[in-house]
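Undergrad: Those protein sequences? They're chains A and B, same order as listed.
All residue numbers in the first sequence are consecutive under my numbering, ending with 95.
All residue numbers in the second sequence are consecutive under my numbering, ending with 1483.
Mixed in with the good hints there might be a few duds.
One-sided excerpt, in silico: chain B residues whose CB lies under 10 Å from chain A [claimed, not checked]:
#	residue
1	Thr1044
2	Asn1089
3	Leu1289
Straight-line distance between alpha carbons at most 27 Å, and here's what the computed BS3-like set of lysine-lysine pairs gives [unchecked claim]:
#	chain 1	residue 1	chain 2	residue 2
4	A	Lys92	B	Lys1139
5	A	Lys92	B	Lys1223
6	A	Lys72	B	Lys1139
Over 12 Å on every C-beta distance to chain A, these chain B residues come out as not near it, computed from the model [stated by the list, open to error]:
#	residue
7	Arg1062
8	Gln1184
9	Val1245
10	Gly1250
11	Glu1331
12	Arg1364
13	Gly1407
14	Leu1436
15	Phe1454
16	Gly1459
17	Leu1473
No lab work stands behind these hints: they were computed from the structure.
Beta carbons: idealized from backbone N, C-alpha and C, even for Gly.
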Amino acid sequence: MSLDADTVRRVASLARIRMEPAELARMEAELNGILGWVEQLQAVPTEGVEPMAGGGAVSLRLREDAVADGGKAEAVLANAPDREGAYFGVPKVVE
Amino acid sequence: MSYTVEGSTGAWEVVVGLEVHAQVVSESKLFSGAATAFGAEPNTQVSLVDAGFPGMLPVPNRECVAQAVRTGLGLGAEIHLWSRFDRKNYFYADLPQGYQISQYAHPVVGEGAVEIELADGARKRVGITRLHLEQDAGKSLHDQHPSKSYIDLNRSGVALMEIVSEPDMRSPEEAGAYLTKLRQIMRYLGTCDGNMDEGSLRADVNVSVRKPGEGFRTRCEVKNVNSIRFVMQAVEAEARRQVEVWEEGGTVRQETRLFDTARGVTRSMRSKEEAHDYRYFPDPDLPPLVLEQGWVEELKAALPELPDARRARYARDFGLSPYDAHVLVLEKETAAYFEEVAHGRDPKLAANWVMGDLFAALNRTRRGIENPPVSARDLGALLDLMGDGTLSGKLAKEVFEAMVETGQAPGAIVEERGLRQVTDTGAIEEAARAVLDGNAGKVAEYRGGKDKLFGFFVGQVMKAMAGKGNPALVNDVLKKLLG
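The shape of chain A in the complex, shown without the other chains:
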């Protein structure tokens, strides 16, 4: 499997990363290199082996349903590039 320039451009756009044409060419080569390594793994026989979703055989720990957080609007907003009162301010996004 290999990626063409259009696919790289599309992936970059989905990830909201701006790329100049020269960068796209370099990225295309790098991503294809990575895909090549991953392809080598396909050679490993996995017939009858259950897919693993994470490391080891751990399963999720659950927490009890209790309010133990929040009430820190200032901390939450502290790094916002723009705020309007107690809200985040963002460029208007409306359908």
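Given the coordinates of chain A, work out where chain B should sit on it, guided by the hints.
TA: Okay, now just chain B, sitting in the frame of chain A:
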């Protein structure tokens, strides 16, 4: 009579499937300890997990998982003991993580079904494809500033259940009935409050049309419809649009659309065109969710009685008509009210008072059953006063109106206003004699064979007694005096 859209080329059938987003009832969020309560000051119910800060680890809430399992059980669905959370990647200002934690390939609940009731009394099964848990997004306010949107993350990370139906519905009515039924079941279970004004229940409506007998044609998804009425309107509007497209020789493109409630039409959401590539992958922060069969059994054993079972019980044990039973179980608060009134009393009489006088009073006072002008206890006491002969049916209506007005208990009103029914035959006889003496001409006519005058005498005696005479005794006394 099946529903069709009439086009210039004949009748078209409508095919509808719904994806319902139901906010889970829980104290805290799906992956953080921040509160879920509605209406708090902006950004005060936000943890650093909900705000998508780097390095924060999500830890799932056991109660949210339990609520999803309860809902699955209530829908008669298969519970998956092994499920997994995935990341659904997209960018929007109300999604600070840059992805929504959802369940894609392995949802916690699999196939189930609900039975819907239609206006003509017909019943129909609608298949459930799956139910999965996911995070809600924050809320955007677009009307506060000319060039900016305001973002409040209080809702960010609240648990949602996404419930996906099979494309089994064939009309706006069926879509409305399905959403009504789903809401009813979740409200009985206490897993979603069903409050559509507060956005606790939203639906994405998938619509396609076809000629009878055909396979499915391309569907469109109408996003984020927030009332049952709008769901029905959106189905109708979108089906009409598609029929026009096909009949003009065009092709319906699979796309996401919005329902414009003011104009009653759907329109394309262009921004969603490219967003469909969500690049799902298992969330590396969250190992698989593994449930124990024993825990699921415990949840199952503790489920409350569901509306279908309750309706059947009302018909079987109380002898209520299917319609009355249906109406009384629609809202669980109404059913609880009715059961309190009916407890130890005649259930049919209780049903008549709840569905008649009480419903009328709720309408008139614009109050809901959860805040009624007359409590179930007081209405029960009123029925008891009829049962022991203190009040006639007519007086009871009068007392009920006074209860609505004053909020007082019926006993107090009876005492205060002297509304007690007169069962003293001596007093009734006295009033009756006075009436007959004052209407000697009519008495003669009656005795001459004009039987219809009996009603007139009853009316006069009741009037003389200010409506308080026991009707049966008044009848008896008059018959005796005139006989």
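Undergrad: Each hint needs a verdict: does it hold in this structure or not?
TA: Quick rundown of the hints versus the structure:
1. Thr1044: holds (5 Å)
2. Asn1089: holds (7 Å)
3. Leu1289: Result: holds, 5 Å to nearest chain A Cβ.
4. A:Lys92 - B:Lys1139: holds (13 Å)
5. A:Lys92 - B:Lys1223: holds (20 Å)
6. A:Lys72 - B:Lys1139: holds (18 Å)
7. Arg1062: Given a closest Cβ separation of 4 Å, the condition is violated.
8. Gln1184: holds (24 Å)
9. Val1245: At about 21 Å from chain A, Val1245 (chain B) clears the 12 Å cut-off, so the statement holds.
10. Gly1250: holds (23 Å)
11. Glu1331: holds (26 Å)
12. Arg1364: holds (40 Å)
13. Gly1407: holds (35 Å)
14. Leu1436: holds (75 Å)
15. Phe1454: Per Cβ check, Phe1454 (chain B) is outside 12 Å of chain A; nearest 69 Å; holds.
16. Gly1459: Fine: 64 Å to the nearest Cβ keeps Gly1459 (chain B) off the interface.
17. Leu1473: Leu1473 (chain B) clear of chain A: closest Cβ-Cβ about 61 Å, beyond 12 Å.
When the structure is compared with the earlier hints, a violation turns up for hint 7 alone.
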